[in-house]
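With these hints in hand, go ahead and build the complete structure from the sequences.
Number of protein chains: 2
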Amino acid sequence: EIESVDFKSSNRTVTLPGLVNIQTLVPGISTAASKDFEEVSKASIASGFTVVGTMGTGSPKGIEDKASLAIARTNTRNHAHCDFFLSMNANVDNTHDRLKDTAALFIPFSPIAGRALANVSEAAKYFGSWPANSPIVTDAKGTDLASILLLASLHNRSVHITGVSSLDDMALISMSKDKELQVTCDVEVYSLFLTREETGSKLLPTKVEQDAFWNSLNVIDCFTVGTLPYRLASEQGTSVAHAGIQETLPLLIDAVNKGRLSMEELIAKLYTNPRKIFSLPEQKDSYVEVETDRSCVIASTSGPFAGKVLSGTVHRVVLHGETAYLDGAWYTTGSEGQDLSSVTQAITKAIEKVTIPAIATSQAS
Amino acid sequence: EIESVDFKSSNRTVTLPGLVNIQTLVPGISTAASKDFEEVSKASIASGFTVVGTMGTGSPKGIEDKASLAIARTNTRNHAHCDFFLSMNANVDNTHDRLKDTAALFIPFSPIAGRALANVSEAAKYFGSWPANSPIVTDAKGTDLASILLLASLHNRSVHITGVSSLDDMALISMSKDKELQVTCDVEVYSLFLTREETGSKLLPTKVEQDAFWNSLNVIDCFTVGTLPYRLASEQGTSVAHAGIQETLPLLIDAVNKGRLSMEELIAKLYTNPRKIFSLPEQKDSYVEVETDRSCVIASTSGPFAGKVLSGTVHRVVLHGETAYLDGAWYTTGSEGQDLSSVTQAITKAIEKVTIPAIATSQAS
Ligand SMILES: [Zn+2]
Ligand SMILES: [Zn+2]
Ligand SMILES: [Zn+2]
Ligand SMILES: [Zn+2]
Ligand SMILES: [Zn+2]
Ligand SMILES: [Zn+2]
Ligand SMILES: [Zn+2]
Ligand SMILES: [Zn+2]
Numbered sequence: 001e002i003e004s005v006d007f008k009s010s011n012r013t014v015t016l017p018g019l020v021n022i023q024t025l026v027p028g029i030s031t032a033a034s035k036d037f038e039e040v041s042k043a044s045i046a047s048g049f050t051v052v053g054t055m056g057t058g059s060p061k062g063i064e065d066k067a068s069l070a071i072a073r074t075n076t077r078n079h080a081h082c083d084f085f086l087s088m089n090a091n092v093d094n095t096h097d098r099l100k101d102t103a104a105l106f107i108p109f110s111p112i113a114g115r116a117l118a119n120v121s122e123a124a125k126y127f128g129s130w131p132a133n134s135p136i137v138t139d140a141k142g143t144d145l146a147s148i149l150l151l152a153s154l155h156n157r158s159v160h161i162t163g164v165s166s167l168d169d170m171a172l173i174s175m176s177k178d179k180e181l182q183v184t185c186d187v188e189v190y191s192l193f194l195t196r197e198e199t200g201s202k203l204l205p206t207k208v209e210q211d212a213f214w215n216s217l218n219v220i221d222c223f224t225v226g227t228l229p230y231r232l233a234s235e236q237g238t239s240v241a242h243a244g245i246q247e248t249l250p251l252l253i254d255a256v257n258k259g260r261l262s263m264e265e266l267i268a269k270l271y272t273n274p275r276k277i278f279s280l281p282e283q284k285d286s287y288v289e290v291e292t293d294r295s296c297v298i299a300s301t302s303g304p305f306a307g308k309v310l311s312g313t314v315h316r317v318v319l320h321g322e323t324a325y326l327d328g329a330w331y332t333t334g335s336e337g338q339d340l341s342s343v344t345q346a347i348t349k350a351i352e353k354v355t356i357p358a359i360a361t362s363q364a365s
Numbered sequence: 001e002i003e004s005v006d007f008k009s010s011n012r013t014v015t016l017p018g019l020v021n022i023q024t025l026v027p028g029i030s031t032a033a034s035k036d037f038e039e040v041s042k043a044s045i046a047s048g049f050t051v052v053g054t055m056g057t058g059s060p061k062g063i064e065d066k067a068s069l070a071i072a073r074t075n076t077r078n079h080a081h082c083d084f085f086l087s088m089n090a091n092v093d094n095t096h097d098r099l100k101d102t103a104a105l106f107i108p109f110s111p112i113a114g115r116a117l118a119n120v121s122e123a124a125k126y127f128g129s130w131p132a133n134s135p136i137v138t139d140a141k142g143t144d145l146a147s148i149l150l151l152a153s154l155h156n157r158s159v160h161i162t163g164v165s166s167l168d169d170m171a172l173i174s175m176s177k178d179k180e181l182q183v184t185c186d187v188e189v190y191s192l193f194l195t196r197e198e199t200g201s202k203l204l205p206t207k208v209e210q211d212a213f214w215n216s217l218n219v220i221d222c223f224t225v226g227t228l229p230y231r232l233a234s235e236q237g238t239s240v241a242h243a244g245i246q247e248t249l250p251l252l253i254d255a256v257n258k259g260r261l262s263m264e265e266l267i268a269k270l271y272t273n274p275r276k277i278f279s280l281p282e283q284k285d286s287y288v289e290v291e292t293d294r295s296c297v298i299a300s301t302s303g304p305f306a307g308k309v310l311s312g313t314v315h316r317v318v319l320h321g322e323t324a325y326l327d328g329a330w331y332t333t334g335s336e337g338q339d340l341s342s343v344t345q346a347i348t349k350a351i352e353k354v355t356i357p358a359i360a361t362s363q364a365s
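Those protein sequence lines, which keep their order, are chains A and B. Take the first sequence: its position 93, counted from the start at 1, is 93 in the working numbering, and no numbers get skipped. Take the second sequence: its position 80, counted from the start at 1, is 80 in the working numbering, and no numbers get skipped.
Source of the hints: derived by calculation from the structure; they are not laboratory data. Glycine residues also receive a C-beta, built at the ideal position from the N, C-alpha and C atoms. Accuracy of the hints is not assured; some may be wrong.
Estimated spans, in silico, between C-beta atoms of each pair [stated by the list, open to error]: (1) A:Asn119 - B:Asn119: 20 to 30 Å; (2) B:Lys258 - A:Lys276: 15 to 25 Å; (3) A:Arg196 - B:Gly334: 30 to 40 Å; (4) A:Asp97 - B:Val297: 26 to 36 Å; (5) B:Asn257 - A:Ala132: 42 to 52 Å; (6) B:Thr206 - A:Glu122: 16 to 26 Å; (7) B:Gly259 - A:Lys100: 32 to 42 Å; (8) B:Asn119 - A:Arg196: 18 to 28 Å; (9) B:Val297 - A:Asn119: 55 to 65 Å; (10) A:Lys207 - B:Lys353: 37 to 47 Å.
BS3-like mimics (lysine-lysine), calculated; alpha carbons at most 30 Å apart, straight line [stated by the list, open to error]: (11) A:Lys207 - B:Lys353; (12) B:Lys100 - B:Lys202; (13) B:Lys100 - A:Lys179; (14) B:Lys258 - A:Lys125; (15) A:Lys141 - B:Lys141; (16) A:Lys349 - A:Lys276; (17) A:Lys349 - B:Lys179; (18) A:Lys177 - B:Lys308; (19) B:Lys308 - A:Lys179; (20) B:Lys179 - A:Lys177; (21) B:Lys276 - A:Lys179; (22) A:Lys179 - B:Lys141; (23) A:Lys207 - A:Lys284; (24) B:Lys35 - A:Lys179; (25) B:Lys308 - B:Lys258; (26) A:Lys179 - B:Lys258; (27) B:Lys207 - A:Lys125; (28) B:Lys202 - A:Lys141; (29) A:Lys353 - B:Lys100; (30) B:Lys125 - A:Lys177; (31) A:Lys125 - A:Lys100; (32) B:Lys349 - B:Lys284; (33) B:Lys202 - A:Lys179; (34) A:Lys141 - B:Lys179; (35) A:Lys125 - B:Lys284; (36) A:Lys141 - A:Lys276; (37) B:Lys284 - B:Lys353; (38) B:Lys284 - A:Lys179; (39) B:Lys179 - A:Lys276; (40) B:Lys177 - A:Lys125.
As structure tokens, this is what we get:
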């Protein structure tokens, strides 16, 4: 067992469950010999995330067929510093080829997330073929979002909208929830802390929009790192695979300290709701110790928050009963992380059995 | 009884039921002392339409409140040369003020049809308050259309889309029908016979789109005159209230003669389906005699088909047992046309009683 050797410099340590980053961009997920997954999983465990749901960029390919899935799995083998699950990327051509070893379907409508679908008819095919009990995730916006929600309604199935970024989209989701459509959504954490006015980037919400997001926390099921930090960094010509992961928890803890967010909301949106939506198993003996009043200075090379002082530092992360990260040092080898994709499917099936009992047939065959 | 005095110049006369133009633009419907309704109803009866569903332009006002409804009713009194029904125009402010004497709600998304709604939240309010059994009609396109279909799905109610004008919109409606959403739609007849290439007007479909419309006749429930002829004429600076009405039946009969359309489809889309969708009563002893092989030359001042020779001429129109129009002459005074708005409501209620029996309560109160 690893011991903490630093002196107690903080008065307030809270223990959080291992957090889940449901949309974790791994650019080279399906690129042979890519180190992106390892880099991302290492940054994640050090930042309080014990589970990451991966998404590809689709360049050259996301997880779209058996070959690209095999490469992704090879890239994770012995290079997983936290647990993870994989999603299959819709690419128009793979409508009927569900990849068994993935936990969800991702339908991309923006180029960052894959080969973007051109229209709703292409998306409709996936709604016709993807199992009703397995998550469908999409970054659809505007018209595409309305169409996707319509598809979910017509097919009477759930859908998760990732990276909600406009008030109109938020209103559409809110209205759909009011009418009991099975829709959930997340916002990318950067969009809660950076504005268009501050950065000059159109990738970010205006101050007015951002304020509205904060006032809509009840509509937002999850927080995620998402693709926004990577896209912002790319705009500056400095993209790195792990962009945004490190800052996420300090930004949110800082917001808790400032009374903008409750710790319960943080846990709901980074643990409880992600687990529900993706049928994630309980991670036994996994947790995150956070020193909530200890200042952390974002590394001066690390994106738009470089040099900013936030209160909230990850002190220790324990995964499966073993300290994985402590005081800036990793104690993992890369063999710790498990692929949860198949487990989520088993959980989904078990839940289904409980809630939808099969009709008893009295006739012997 | 009026006798036909002309010599039989045609070998083929077919008798059609009195036709319905479900979206009949009446620009000054709620403008005091406007003659637009009279002009339109007179053009309609002479063109084979014994019922017109009116829509305003919203300039200065459509039928939006009690005062504008009262003006509209005054404009129709003794100036109705055919039967008609009125629709209430949604204008954001009248969410909770259903006008009892209208037959449907029209939700405008383009300025021609009223004060266009800005977004789906505004439309959502009407879906929450408008009676489930009364028609909602809208000219929504693109994002707005997807949102409207979503609202209809979430509220489990019917909606009629008028003036479908793009393949994407057609695909969305087709997909919704496949999943048994209660959606019906119409196309404006001009869009089946004029192309962007021929006219240079962006109001019209491209040749490719038009061909696709012809191949989607099974998705199209109704034909309508709609606002397209008026908008086209306005583009040329020659708008008249009755634009497009006269050409509609000759264009369609000509298409029947050319084998592009069956007479059964024509009747379904201009009579059977309109009656079903708007709960229109049977018009006793009302019919249209059409000489299907008699050429008619569109008046040389009358829009994009001016001077064109079409086979198909309205010979006689009989309304309520009396000849209203014969061989180019009107035999109406303007007192013949009845306002069917309240009748449609009574029919809707009667249908509802038959199909949705009230739950019997055994307990005396
Ligand atoms: Zn320590
Ligand atoms: Zn490693
Ligand atoms: Zn389907
Ligand atoms: Zn595990
Ligand atoms: Zn005659
Ligand atoms: Zn008159
Ligand atoms: Zn509603
Ligand atoms: Zn009548």
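> Taking each numbered hint in turn, which are not upheld by the structure, reported in ascending numerical order?
Replying inline: 2, 3, 4, 7, 9, 10, 11, 12, 14, 18, 19, 23, 24, 26, 29, 33, 35, 38
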